[in-house]
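Participant: Protein sequence lines, in the order shown, are assigned to chains A and B.
Its first residue numbered 1, the first sequence is counted upward by one per residue in this note's numbering.
Its first residue numbered 1, the second sequence is counted upward by one per residue in this note's numbering.
No lab work stands behind these hints: they were computed from the structure.
Computed from a prediction, not measured in an experiment: that's the story for all the values here.
For each residue, glycine too, the CB sits at the ideal point set by N, CA and C.
You may find that some hints are simply not true.
[As the list claims (entries may be wrong)] The list that follows gives simulated cross-link-like pairs (lysine-lysine, BS3-like), each with its CA atoms no further than 27 Å apart:
1. A:39 <-> A:113
2. A:60 <-> B:27
3. A:60 <-> A:81
4. A:116 <-> A:60
5. B:27 <-> A:113
6. A:81 <-> A:39
[What the hints assert, rightly or not] Now the in silico label distances, taken between C-beta atoms and shown as ranges:
7. A:190 <-> B:79: 37 to 43 Å
8. B:148 <-> A:84: 29 to 35 Å
9. A:120 <-> B:79: 43 to 49 Å
10. A:190 <-> B:48: 28 to 34 Å
11. A:182 <-> B:148: 52 to 58 Å
12. A:124 <-> B:33: 42 to 48 Å
13. A:8 <-> B:170: 49 to 55 Å
14. A:70 <-> B:140: 23 to 29 Å
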Amino acid sequence: MLNAVWALLMLVALGVGGARGTIDSLGSGLFTQAMQAMKLALDLAAVTAFWFGLSRIAEKSGLLGSLARPLMPLLRRLFRKLPEGHPALTLMAMNLAANALGLGSAATPFGLKAMKELAATARERETASDEMILFLVLNSAAINLLPAGTIAMRAAAGSLDPAGTALASTIVTSVAFVAALVLHGTFRRLSRPSA
Amino acid sequence: MIQAMNGLAGWLVPLFVAAVLLHGLYKRVDLMAEFVAGAREGLELSLSLFPYLLAIYVAVAAFRLSGALELLASFLSPVLQPLGVPAAILPLLLVRPLSGSASAGLVLSLLHQHGPDSFIGHLVSTIQGSSETTLYVLTVYLGSVGVRRSRYALPLCLSVDAIGYATALTVAGWLWH
């Protein structure tokens, strides 16, 4: 899929360049752009490395765990099929907390372990249960308080206010989170109960 | 109001860093060693992602420099204009659910081209900061537990993504237009 998109972009660009006589500037432009990509990527790598370092401290100190605790009542209510104290609940809370702080590197391992626990409670193998799908959609619409990657990119591009879109992202993800809950209910009802 | 929020946002990162360090100190974490280990992981990840970033960055730049983006935009403007979608962000909306590194490359090039503090810059930052690589997450998470029948997972997640993009457009319109 991505392969086709990429080839299409390049070939259409070269084709249009040839047809419109902009091919000369394209020839030198490709290399200038490649160098620019490297410069930006280096700046970005520095900020990413810093954030990963910080994220590891937050994980080891247990800060992430204490931020996950307030999410537990909400998750218990959403995943009624899971018995209280089920390990999947804690893992999902850790995943959502890490996502909220833009610590994607810390979020993924918790998410994968949570899926394993959810799969163990599923009635059927090889079929996504309603609980698994609910977790997936909550995870992909996870409320974001501190979009670290975006802040890093804005800083790398020389923004005067790299964190300036953090609040907007929080608003958008909050709307998406509610939409995810509502739509999950709708889709679940529309889909035939997994037979 | 917006100024007050921007002031607040400026405090967000420093306060968070301070909180993480102080809590780590209190819990007797070896701060320097853990930081360095994590940073190494981050650096390795960034370097391994660079070839993808390069591929998409150059392709999008070529698409723009050749005039193809202009053509596409004028072709699609009857659809996009009424919805209030700037043509420049169209490629991002298409690629965002597919690939994290590709959309990062697009965001970087849009930030560079329009300026991070322009309307487009704020809009793409909001979109990038509030969405996930849905297809990647679905593939990896479901794949990790051997699920083949994903039922309504994909249409559900993509619908929620679309709602997120529409909300991002609205919010960015309020705050920065």
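Participant: Compare the structure with each hint and give your call.
Facilitator: Verification of the supplied hints:
{"no.": "1", "hint": "A:39 <-> A:113", "in the structure": "36 Å, violated"}
{"no.": "2", "hint": "A:60 <-> B:27", "in the structure": "9 Å, holds"}
{"no.": "3", "hint": "A:60 <-> A:81", "in the structure": "31 Å, violated"}
{"no.": "4", "hint": "A:116 <-> A:60", "in the structure": "22 Å, holds"}
{"no.": "5", "hint": "B:27 <-> A:113", "in the structure": "25 Å, holds"}
{"no.": "6", "hint": "A:81 <-> A:39", "in the structure": "50 Å, violated"}
{"no.": "7", "hint": "A:190 <-> B:79: 37 to 43 Å", "in the structure": "28 Å, violated"}
{"no.": "8", "hint": "B:148 <-> A:84: 29 to 35 Å", "in the structure": "31 Å, holds"}
{"no.": "9", "hint": "A:120 <-> B:79: 43 to 49 Å", "in the structure": "46 Å, holds"}
{"no.": "10", "hint": "A:190 <-> B:48: 28 to 34 Å", "in the structure": "41 Å, violated"}
{"no.": "11", "hint": "A:182 <-> B:148: 52 to 58 Å", "in the structure": "27 Å, violated"}
{"no.": "12", "hint": "A:124 <-> B:33: 42 to 48 Å", "in the structure": "45 Å, holds"}
{"no.": "13", "hint": "A:8 <-> B:170: 49 to 55 Å", "in the structure": "30 Å, violated"}
{"no.": "14", "hint": "A:70 <-> B:140: 23 to 29 Å", "in the structure": "27 Å, holds"}
Hint violations for this structure: numbers 1, 3, 6, 7, 10, 11 and 13, all remaining hints satisfied.
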